[in-house]
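Asker: Residues per chain are reported as follows:
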Amino acid sequence: MGILVFIVFSVVLTLGIVIVHWNARRLTGEDWETLVARIQPVPFEGLEKVALDYLQPQGNQLLIEPEELWQLVGGFDGLKRMRQNADSIIQLAAYVRYWNFDESIVVAERIRQDAVMLKRALFRIHIHMLFSMRKLHVPFHVHQAASSYYLMTRRVLALYQTNQFVLYPRLIEVL
Amino acid sequence: MELSLSARVLWTAGFCELVVLVLVLIARGRWRSFPVFSAYISFQVVETIVLYGIHRFGNAQAYFWFFWIGAIVDLALQISVVFELTGIVLKPTGTWVRDARKMFLLLALTGTVVAAAISYGVNPTVPSSLDNWIEKGNLFAAMLNAQLFVAMGLASTRLGLAWRHHVMGIATGWAAWAVVGLFVEAAYSYFGTNWHGAVLDNVRIVVYQIATIYWTINLWLPEPETRTLSPEMQSYLTGLQQHVKLGPQGVSSMQRR
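Protein chains in written order, with the working numbering: chain A, 384 to 558; chain B, 19 to 275.
Note that these hints are calculated values from the structure, not bench results. Some clues are possibly wrong.
[To be verified] Computed list of chain A residues with no C-beta within reach of chain B, every gap over 10 Å:
id	residue
1	389
2	393
3	396
4	399
5	408
6	442
7	470
8	492
9	523
10	557
[What the hints assert, rightly or not] Heads up, simulated BS3-like pairs for lysine-lysine below, C-alpha to C-alpha not over 25 Å straight-line:
id	chain 1	residue 1	chain 2	residue 2
11	A	432	A	502
12	B	109	B	120
13	A	502	B	120
14	A	432	A	463
15	A	463	B	109
16	A	463	A	502
We treat Cβ as the ideally placed atom computed from N, Cα and C, and that holds for glycine.
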């Protein structure tokens with residue numbers, strides 16, 4: 384019995400090694416166009432409005448009503464797309480290692496931290512919506528999600544602007 | 019104890035390959051990037067010389083002790099190599115990437131506990147109680163090596179951390195050797211050491227030798243060039259950026275005047 388468990392665990396570890404290796408090779412070998420093609424369109428203008436309302440507070444901070452806030456970020460679909468794009472944005476930042484290793488690693492790490500905030504906010508929104516509880520909190524998390532995503536896009540664009548000006552216009556177009 | 023011709027050939031070939039790898043690590047300066055890996059390979063060279071010397075001129079008891087002390091140091095260095103690769107991949111700037119340490123430690127600790135429980139539960143087909151514990155130790159070592167590698171790989175790929183060329187090379191050889199080690203230990207444990215023991219040993223040795231040759235070639239070749247913008251181009255772009263930013267402001271201030 385013991386040896387059977389060992390063999391099963393060995394097979395699991397072997398599969399783990401193969402998957403990890405395959406993913407690592409894919410991560411290293413993926414070309415820029417493939418990464419960019421994964422970016423899903425999001426309503427950027429609305430998202431920017433929400434993010435700036437949060438990041439650069441002006442006189443009236445209650446200007447955007449919760450319903451409008453929800454529409455500006457594209458609703459559930461918009462939030463889902465932001466989540467999907469988050470990992471691609473990190474990979475796009477990490478891709479700059481081909482031109483500037485140090486800066487790409489540092490900026491990718493900052494973007495990764497924003498992504499953690501984004502994913503936490505999205506998780507909380509899902510939980511509140513799923514159990515129909517404390518819906519009053521949802522707009523706060525939407526604000527947080529939108530600003531984290533906005534910061535991620537700003538960071539990656541600034542990174543490309545200084546290190547890869549050839550690809551920069553295409554990235555603006557996609558993001 | 020007289021060695022067979024195949025054992026001598028494998029021993030000599032393995033030793034020569036390790037020496038070449040050590041020379042490559044020194045000549046190409048790779049030991050600076052991979053000090054633990056270099057120490058591990060160098061240790062194997064020294065271990066081979068010492069064990070061969072004792073085998074030729076010493077006695078069986080001395081060989082026994084040196085062999086097992088060497089095996090313990092070998093295992094400690096193997097684990098250290100995986101930790102070295104982990105450090106390079108998960109700490110690219112010298113500090114841990116956010117969430118990387120937590121994820122790696124969680125996976126590594128869980129895997130270690132599972133590996134310890136499985137090795138304790140296995141009853142290997144061996145003649146004595148000491149052999150039983152030795153085989154359990156071997157099973158644990160094989161699982162530990164493989165699962166630490168998986169923990170490092172899962173943590174890095176989930177966080178989108180790419181492996182550089184040389185890390186990828188070392189990891190590829192290491193992964194192949196770890197997988198073969200697992201199944202050789204399973205066969206040893208299930209069938210006993212008398213069941214094609216020499217063949218199983220040779221399979222593991224040959225795979226390790228292939229890995230050594232692969233590492234030698236990989237570490238000899240340079241890391242692909244990173245394309246860094248020259249300082250002049252950096253300053254030109256920053257200036258251009260400022261100019262573009264200031265341009266519309268200048269126009270609007272002129273319009274106000």
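Asker: If a hint holds in the structure, say so; if it does not, say that too.
Answerer: Hints and how they fare:
no.: 1; hint: 389; in the structure: violated, 5 Å
no.: 2; hint: 393; in the structure: violated, 4 Å
no.: 3; hint: 396; in the structure: violated, 4 Å
no.: 4; hint: 399; in the structure: violated, 4 Å
no.: 5; hint: 408; in the structure: violated, 7 Å
no.: 6; hint: 442; in the structure: holds, 23 Å
no.: 7; hint: 470; in the structure: violated, 6 Å
no.: 8; hint: 492; in the structure: violated, 6 Å
no.: 9; hint: 523; in the structure: holds, 23 Å
no.: 10; hint: 557; in the structure: holds, 18 Å
no.: 11; hint: A/432 x A/502; in the structure: holds, 20 Å
no.: 12; hint: B/109 x B/120; in the structure: holds, 13 Å
no.: 13; hint: A/502 x B/120; in the structure: holds, 17 Å
no.: 14; hint: A/432 x A/463; in the structure: holds, 19 Å
no.: 15; hint: A/463 x B/109; in the structure: violated, 30 Å
no.: 16; hint: A/463 x A/502; in the structure: holds, 10 Å
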